Amino acid sequence: MKLSKILKNGFLIVVACLALSACATSKKTTGQMQGDVYTGTDTVEYLASGVPDRVFFATNESVLTTASRETLRKQAAWLRKNSKITIVLEGHADERGTREYNLALGERRANAAKDYLMTYGISSDRISVLSYGKERPVDSGSNPLAWSKNRRSVTVKAN
Amino acid sequence: MKNFLITLIIILIPIKSFGLIEVDITRGNLNPLPIAVSPLSIDEESRKNFENILKKKNIGSEISSIVENNLKVSGLFNPLNKDAFLQEPDIANLKPRFEDWNLIKAQALITGKVSYVEEKLRVEFRLWDVLAGKEMMALAFTTVPNNWRRVGHIITDKVYERLTGEKGYFDTRIIYVAEEGPKTQRVKKLAIMDQDGANNKFLTLGNELVLTPRFNPTSQMVTYLSYFRNLPRVYLLDIETGTQEVVGDFPGMTFAPRFSPDGKKIIMSFAKDGNSEIYTMDLENRIVEKITNHPSIDTSPSYSPDGKFISFNSDRSGYQQIYVMKSDGSNVKRISFGKGIYGTPVWSPRGDLIAFTKLHKGKFYIGVMRTDGSGERLLTENFYQEAPSWSPNGRVLIFYRETKTDSKGKGFSAKLWSIDLTGYNERQVPTPTDGSDPSWSSLLSN
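Chains A and B supply the protein sequences, listed in that same order. Note that my numbering gives residue 30 to position 28 of the first sequence, counting from 1, and the numbers run on in steps of one. Note that my numbering gives residue 384 to position 399 of the second sequence, counting from 1, and the numbers run on in steps of one.
For the record, the hints were derived by calculation from the structure and aren't laboratory data. Here the structure is a predicted model, which is why all the values come from computation and not from measurement. Check each hint, because a few of them may be wrong.
What the hints assert, rightly or not - Listed below are the simulated BS3-like cross-link pairs for lysine-lysine, each with C-alpha atoms no more than 30 Å apart in a straight line:
#1 K395/B / K348/B
#2 K86/A / K257/B
#3 K324/B / K249/B
#4 K346/B / K293/B
#5 K174/B / K105/B
#6 K159/A / K174/B
#7 K90/B / K105/B
#8 K311/B / K293/B
#9 K393/B / K348/B
#10 K257/B / K159/A
#11 K83/A / K257/B
#12 K67/B / K57/B
#13 K400/B / K152/B
#14 K249/B / K311/B
#15 K76/A / K257/B
Stated by the list, open to error - Residues from chain A that keep clear of chain B, each with C-beta distances beyond 12 Å, as calculated:
#16 M35
#17 A79
#18 K83
#19 K86
#20 I87
#21 L105
#22 R110
#23 R111
#24 G123
#25 R128
#26 S130
#27 L132
#28 A148
Said to hold, decoys possible - Anything over 10 Å on all C-beta distances counts as not near chain B; from chain A, calculated:
#29 E47
#30 P54
#31 S64
#32 K76
#33 E109
#34 S125
#35 S144
C-beta atoms are modelled at their ideal positions from N, C-alpha and C, and glycine is treated no differently.
I would like the entire structure built from these sequences, with the hints used as guidance.
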């Protein structure tokens, strides 16, 4: 089950990358977004020096981008060094979806991050997942940039 | 619950009616029926007694105002201005001078009387057809004085039923989520109020996030999602006693709860390892059943009124769409095929329609379709709105709408709105604070 999920995620990443290179001209990097994935640092906090606390997602997606995977590898390295730390992965959605679906989507996003951390050796005992759906936006704006900041999974120290 | 009981005594059944006024509710009503609501008359001694108990100067006029407001908000009636009434309320209740009421263009007339009898409130009222010069209905009932607002709602229900041929929806309550505070840190509480916004009461304190409350068929229990101790779980709340309990023992988030039509089960989603499936739990024997089995998001389940089918939304096709299956999870069929994404299906109490939320080209719609997906009709379009809930007679939908914030992220609000199945009569439902996730109760008195 786990393995197939990871494989599925990995497969989707490959597909996403192909899509990205295939239509590289249409996936513009406009300021702080690539496609509709947030690439800025406005809202990002740090778990430790050089270890960002969050990753961002495309609309309706839970696929990890290249940047997200890099962030999660840094988190995994930090977690391996600090083996007593446990974390909560808080999954969020933007306001452009129904409340109940967004709760499920937030859970799916946080689990995508969890699965990736586990492939870098972080035990599932140290990770819990909590979805907030669209209940806790970081940016109260009603525009594509605000929504991109809100589609996120945030790693929070639990102890 | 005792003091909610109202003794209803029919004192006079209308003589067989022919050619009397009728209101057609199947089409948008652009010519609401002109109706005169004569203030309920009251004798001086009763008036004083009620003023002492209820701190209302004239309880007869207060009850009439409730009836008047209900009729107006229904969109089907046009209550006429009282200043134009020529006949005194007490005399009108005995025998209306129909030519006087005709003169002010009233087609229907409501008269009545309130009295204080053995510490109770006794009301009688009559509905008259002005053009035909006939009494259409006469009813009397007795209740505790504190129930005076419900008396107004019951009168409206009886008048509505007599004139439209369908049950009313006025003696009902709404449970919803009251919201306050900045958009990034909303404080949410469960709240309950009468259908017209009166008697608002908060049921939780706001210490934890609460979402999506829904009534059971008798409207005495509520199932909802609470983030108590940061563990999002489905809860059950007894409104009368205030007792709360977690539903089931799931190792993860449970959400999107609703009752089965017989009130014996709760249907909900359970999310685990990034996958949300639909489950039921029997409230008597605690048996849990898994209904869906698919690696996509399956949520927002809602039973058909006969309990034989379940509608839900799933993104198994790539995007959120509406599906219907048998209540055991077999025969899953997609029913939404229009452009856009579809969610929050809710089966109408009559069983023939499913109300839903649709997102298409950046706009949100509340709509209805037949249970096989045909006959899609969009009732209202807005920046953001979702989560329709049916009035118990299936004629009106209540939902919530959120505003777009400005460039500085200011100006957010969430409000309850209602709209007729016809697509007409869209109205904001008054709430003391912002509100969302409304759920309409059943008719409290039958």
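Review point. Which numbered hints turn out to be false for this structure?
Key: 3, 4, 5, 7, 21, 22, 23, 26, 27, 28, 31, 33, 35
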